[in-house]
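What follows is each chain in one-letter form.
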Amino acid sequence: MDGQVFKKLLEEIAEKIKENRQFLTDLDQVIGDGDHGINMDRGFSKVLEKIPSMPDDVSMCMKQTGMTLVSTVGGAAGPLYGTAFMKAGDAIKGKEEVGVGEAILMMDAAIQGVMKLGKATTGEKTMLDSLVPAYEALKECLEAGKEAKVCFVEAVEAAEAGVEYTKTIIATKGRASYLGERSIGHQDPGATSSLVILTVIRDFLA
Amino acid sequence: MDGQVFKKLLEEIAEKIKENRQFLTDLDQVIGDGDHGINMDRGFSKVLEKIPSMPDDVSMCMKQTGMTLVSTVGGAAGPLYGTAFMKAGDAIKGKEEVGVGEAILMMDAAIQGVMKLGKATTGEKTMLDSLVPAYEALKECLEAGKEAKVCFVEAVEAAEAGVEYTKTIIATKGRASYLGERSIGHQDPGATSSLVILTVIRDFLA
Amino acid sequence: MKKLINKPENVEVEMLEGMEMAHGDLLRKLEGFNVLVRANKKQGKVALVSGGGSGHEPAHGGYVGTGMLDGAVAGAMFTSPTPDQVFEAVKAVDAGKGVLLVIKNYTGDVLNFEMAADMAEMEGIKVDKVIVNDDVAVMNSLYTTGRRGVAGTVFVHKVAGAMAERGAELDEVKRVAEKAIANVRTMGVALSACTVPAAGKPGFALEEDEMEVGLGIHGEPGTHKSKMLPADEIVDLLLGKIFEDMPMGNGDKVAVMVNGCGGTPVSELYILNRRVAQVMAEKGIEVKKTLVGDYMTSLEMQGGAVSVLKLDDELEGLLNEPADTVGLKI
Amino acid sequence: MKKLINKPENVEVEMLEGMEMAHGDLLRKLEGFNVLVRANKKQGKVALVSGGGSGHEPAHGGYVGTGMLDGAVAGAMFTSPTPDQVFEAVKAVDAGKGVLLVIKNYTGDVLNFEMAADMAEMEGIKVDKVIVNDDVAVMNSLYTTGRRGVAGTVFVHKVAGAMAERGAELDEVKRVAEKAIANVRTMGVALSACTVPAAGKPGFALEEDEMEVGLGIHGEPGTHKSKMLPADEIVDLLLGKIFEDMPMGNGDKVAVMVNGCGGTPVSELYILNRRVAQVMAEKGIEVKKTLVGDYMTSLEMQGGAVSVLKLDDELEGLLNEPADTVGLKI
Ligand SMILES: Nc1ncnc2c1ncn2[C@@H]1O[C@H](COP(=O)(O)OP(=O)(O)O)[C@@H](O)[C@H]1O
Ligand SMILES: Nc1ncnc2c1ncn2[C@@H]1O[C@H](COP(=O)(O)OP(=O)(O)O)[C@@H](O)[C@H]1O
Ligand SMILES: [Mg+2]
Ligand SMILES: [Mg+2]
Ligand SMILES: [Mg+2]
Ligand SMILES: [Mg+2]
Chain A
1 MDGQVFKKLL EEIAEKIKEN RQFLTDLDQV IGDGDHGINM DRGFSKVLEK IPSMPDDVSM
61 CMKQTGMTLV STVGGAAGPL YGTAFMKAGD AIKGKEEVGV GEAILMMDAA IQGVMKLGKA
121 TTGEKTMLDS LVPAYEALKE CLEAGKEAKV CFVEAVEAAE AGVEYTKTII ATKGRASYLG
181 ERSIGHQDPG ATSSLVILTV IRDFLA
Chain B
1 MDGQVFKKLL EEIAEKIKEN RQFLTDLDQV IGDGDHGINM DRGFSKVLEK IPSMPDDVSM
61 CMKQTGMTLV STVGGAAGPL YGTAFMKAGD AIKGKEEVGV GEAILMMDAA IQGVMKLGKA
121 TTGEKTMLDS LVPAYEALKE CLEAGKEAKV CFVEAVEAAE AGVEYTKTII ATKGRASYLG
181 ERSIGHQDPG ATSSLVILTV IRDFLA
Chain C
1 MKKLINKPEN VEVEMLEGME MAHGDLLRKL EGFNVLVRAN KKQGKVALVS GGGSGHEPAH
61 GGYVGTGMLD GAVAGAMFTS PTPDQVFEAV KAVDAGKGVL LVIKNYTGDV LNFEMAADMA
121 EMEGIKVDKV IVNDDVAVMN SLYTTGRRGV AGTVFVHKVA GAMAERGAEL DEVKRVAEKA
181 IANVRTMGVA LSACTVPAAG KPGFALEEDE MEVGLGIHGE PGTHKSKMLP ADEIVDLLLG
241 KIFEDMPMGN GDKVAVMVNG CGGTPVSELY ILNRRVAQVM AEKGIEVKKT LVGDYMTSLE
301 MQGGAVSVLK LDDELEGLLN EPADTVGLKI
Chain D
1 MKKLINKPEN VEVEMLEGME MAHGDLLRKL EGFNVLVRAN KKQGKVALVS GGGSGHEPAH
61 GGYVGTGMLD GAVAGAMFTS PTPDQVFEAV KAVDAGKGVL LVIKNYTGDV LNFEMAADMA
121 EMEGIKVDKV IVNDDVAVMN SLYTTGRRGV AGTVFVHKVA GAMAERGAEL DEVKRVAEKA
181 IANVRTMGVA LSACTVPAAG KPGFALEEDE MEVGLGIHGE PGTHKSKMLP ADEIVDLLLG
241 KIFEDMPMGN GDKVAVMVNG CGGTPVSELY ILNRRVAQVM AEKGIEVKKT LVGDYMTSLE
301 MQGGAVSVLK LDDELEGLLN EPADTVGLKI
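Quick mapping for you: the protein sequence lines, in order, are chains A, B, C and D.
Each residue of the first sequence is one higher than the last, beginning at 1 in the working numbering.
Each residue of the second sequence is one higher than the last, beginning at 1 in the working numbering.
Each residue of the third sequence is one higher than the last, beginning at 1 in the working numbering.
Each residue of the fourth sequence is one higher than the last, beginning at 1 in the working numbering.
These are calculated hints, taken from the structure and not from any lab test.
Glycine included, each C-beta is placed from N, C-alpha and C at the ideal position.
Among the hints, a few may not be true.
Which chain D residues face chain C? A few, computed with CB under 10 Å, are given here [said to hold, decoys possible]: (1) ASP128; (2) GLU233; (3) ALA277; (4) LEU291.
With the hints as extra help, turn the sequences into a complete structure.
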């Protein structure tokens with residue numbers, strides 16, 4: 001995938017986030033403060049605006065997307081997703097073509113960035129609960145020598161399972177943590193928005 | 001009727017006002033500020049408390065009732081009903097027995113008092129629209145030589161017609177006047193509370 | 001009905017006690033009466049007494065203090081106080097120079113305050129009164145009870161209070177109060193009704209896309225219902241009514257109050273004020289002072305009102321003098 | 001959803017413009033940013049910047065002025081502002097003596113303000129921060145995000161602002177801010193939810209006889225639902241939680257805030273305060289200062305919170321120093 005193709009992917013992500021604006025907001029109303037979809041849509045709408053002026057370079061696009069998210073999303077998701085995109089971009093600096101190897105590098109960097117900034121790990125009912133299983137499934141699948149698009153299908157399945165898993169646990173990070181036991185039974189909005197993004201990538205590659 | 005009997009009547013008025021507390025309040029919510037029943041009940045509950053300590057004299061009882069209403073009812077109805085009772089009591093000062101002649105004197109004085117204080121007349125959608133027709137019917141009936149209890153039945157019928165009439169007119173006095181045309185179709189709470197009182201008198205004499 | 005109260009019948013007295021407990025430096029409650037008076041009575045000045053039904057908090061007790069009221073009488077919810085309560089306030093605050101009653105124009109308020117004035121005069125206390133009628137929703141007419149007194153009353157308290165604090169005589173205090181009354185206009189809308197605790201249910205019902213236009217401050221319905229409008233159009237509507245009644249233009253100067261009904265967040269009031277300021281600027285009217293907040297409320301009603309006080313130098317000067325009260329500090 | 005707004009997406013900027021238009025003597029808006037700063041920048045003092053999501057008005061812009069904040073950053077509704085906005089505020093208010101960020105303890109607020117601090121430090125501006133976490137509803141734990149910052153933040157603004165106004169250095173201002181944070185506790189209940197304009201529907205649903213206990217200030221649900229209780233029992237519940245966390249007794253002195261959530265009439269807050277004062281008196285705790293009103297709101301939510309700040313002489317002195325802001329004048 002080169003920079004031009006990547007921009008198409010970014011556009012589709014922005015569109016799908018907009019489609020899920022209400023859904024993500026509704027999820028956040030139950031266990032958070034009801035702004036996650038609004039925040040993400042505000043951020044990705046700005047990204048969409050900026051895509052034409054971004055350089056045709058995946059690394060640079062990712063970094064600029066991250067910076068745009070940081071300065072438009074706000075809340076917890078803004079710095080976290082912003083960092084994820086910036087770190088991912090940084091991880092493939094200088095590469096003109098992005099393949100499965102780069103995808104692994106990017107996801108790893110993104111997850112490390114989120115974990116460090118958010119001082120969080122899996123099992124805390126956050127976006128990490130879909131990102132980490134997706135990353136692990138992807139890596140395992142590719143290491144098993146399977147096709148990229150097959151592996152992204154498996155990654156999304158893992159992310160879906162991760163989202164389901166968030167329903168069963170108490171939040172210990174983010175706003176949902178204030179609810180204690182009341183957070184059980186509800187899926188995490190951030191884990192869900194991560195799933196939305198991963199799903200777009202899967203469909204893009206299919 | 002002597003003072004002791006009159007006190008029984010007063011008690012029954014207080015009871016009926018309490019029974020109609022919600023009804024009068026509901027009427028006042030539609031075209032006023034929703035307190036008429038609450039106000040009247042607050043006042044007559046206090047009157048009820050004070051009856052045992054009132055002298056066995058109709059005139060004095062009326063005056064003390066009026067003063068109690070003034071200092072407990074508040075709103076427009078407090079001074080108006082208070083004045084009505086005080087003036088009525090004053091009109092029969094010194095009389096030990098109260099008959100139909102006195103009843104006429106009392107109602108006349110009460111109405112004059114309300115008209116003067118409230119700067120109002122009939123047709124303005126106020127308590128006067130039940131009090132005045134009741135008074136006129138009563139007077140006419142008695143002048144025609146009919147029995148007192150028959151005449152009170154006619155007076156109440158006239159008051160009922162008066163309350164009905166208030167539904168058809170625009171208020172030009174009191175809070176309902178702010179509604180303009182919107183006050184049409186709704187009966188006046190004050191005219192209704194007057195009807196309640198007159199009905200108790202009718203039933204008392206029956 | 002869900003409220004932070006104990007028993008409906010104790011709401012008025014408990015809230016006054018809570019005010020006294022919070023602001024003992026400014027005001028105290030007269031034992032046995034629903035009356036708040038200044039904590040430190042100032043001798044040798046004309047005293048101001050206002051009041052009305054409860055439910056308009058911080059009005060009127062919140063305006064007791066230096067530069068505004070000397071006493072405030074709180075009736076039952078939305079019910080004019082009785083004459084004996086007003087009389088008690090008058091006796092407590094009179095400092096030998098007479099007492100001015102600031103009455104909002106409602107039959108009940110006028111009758112009860114006037115009866116109290118009679119009682120005070122019989123006791124040899126000099127009493128005079130002014131009647132505030134700033135609400136332009138209802139047309140003034142000789143044949144009706146006239147316009148209501150609403151949020152603009154706070155401006156009257158402020159102006160007359162400052163004049164009294166200067167040491168002016170009763171007739172002078174009355175003169176500036178009447179000048180303020182002659183120059184203040186208010187118009188409001190409600191987005192929801194409010195519930196009197198003793199009544200237990202709201203005063204009127206509104207659809208999700210409706211508002212009440214031209215309502216008073218007693219939870220009563222307004223002059224008419226209208227489709228809900230954007231904030232800017234609501235302001236244009238309110239100011240339109242006000243300007244119709246009191247034409248103003250280039251070079252005029254005013255004070256503005258954007259008053260909340262109690263249940264509307266102050267952020268929305270600022271959105272209203274933004275448009276008010278724009279319209280004033282367009283018309284070349286100078287806004288010398290702006291108050292935004294819950295000054296004269298109707299319990300938890302949602303909605304707002306705009307008041308405009310046309311200023312001359314005297315009114316402007318009085319408005320800018322210090323006030324130290326719970327509801328207004330200048 | 002019925003609100004006095006124009007378009008949901010313009011609520012924040014229009015309300016800030018409305019504030020600037022109303023209070024131009026106190027504050028101004030940074031062109032192009034949702035940041036309010038003091039109208040008259042004071043040189044040679046430590047500057048204080050706070051902020052957070054919008055919807056808490058008068059917080060935080062309402063506390064910009066003499067003796068409190070120098071700058072306030074307003075994010076989208078209930079959404080932490082972005083680092084660039086905070087950075088802009090820091091640059092605008094820095095007067096050479098450094099800037100203290102007063103952050104409420106939410107992941108979003110902390111992350112965004114910290115990013116801004118990094119940016120400022122790269123520009124050579126001295127920045128430090130304190131994190132307010134006064135909400136006792138949620139147990140503090142090493143393994144969670146810890147307690148939230150809620151209404152008690154206003155006390156921190158007041159105390160730190162007074163210290164800065166005295167001319168103290170950054171570390172001294174930070175010290176008193178941290179002392180205030182260590183000594184302030186808050187607990188609240190809600191009777192209704194609120195509606196974020198862009199979301200269009202309320203954050204949670206409550207039955208007619210239910211309340212949310214231990215909620216934050218972002219329209220989010222609380223720790224649990226409970227049957228509705230009389231005001232006095234609600235206060236006992238709130239104070240019970242506070243005393244559990246910060247035991248106090250005979251001879252202690254405190255400042256109290258009875259904070260409204262935005263949609264509750266101030267009369268009800270006074271009824272709450274009445275009970276607070278009673279309990280304090282029973283325990284022999286001296287209440288040196290009481291604030292009652294809408295200080296840190298959640299849009300039009302109905303409900304209230306009690307904050308208690310345990311005072312020593314230093315904090316008491318700082319609390320009583322003058323403040324001239326929209327939201328608090330002393
Ligand atoms: N410390 C954290 N680490 C990772 N993800 C987090 C953390 N805190 C919150 N999140 C994620 O952010 C999401 C909430 O984002 P959003 O609603 O936009 O922000 P806010 O909580 O500030 O309103 C949560 O659903 C969760 O997935
Ligand atoms: N000027 C008046 N003259 C006679 N009756 C009046 C006048 N004004 C109001 N009323 C009566 O008082 C009633 C309202 O009483 P109430 O609700 O207790 O007082 P308020 O209007 O002050 O809330 C009206 O229904 C009307 O009958
Ligand atoms: Mg959120
Ligand atoms: Mg009434
Ligand atoms: Mg009334
Ligand atoms: Mg948020």
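Tested hints:
With 10 Å as the threshold, the beta carbon of ASP128 (chain D) stays out of range of chain C, its nearest partner Cβ sitting at about 30 Å, so the hint is violated. With 10 Å as the threshold, the beta carbon of GLU233 (chain D) comes within range of chain C, its nearest partner Cβ sitting at about 9 Å, so the hint holds. Hint status for ALA277 (chain D) relative to chain C: holds, with the closest Cβ pair at about 4 Å, below 10 Å. A distance limit of 10 Å between C-beta atoms decides the matter here; for LEU291 (chain D) the minimum to chain C is near 8 Å, and the interface restraint holds.
Hint check: a violation occurs at hint 1 only; the rest are consistent with the structure.
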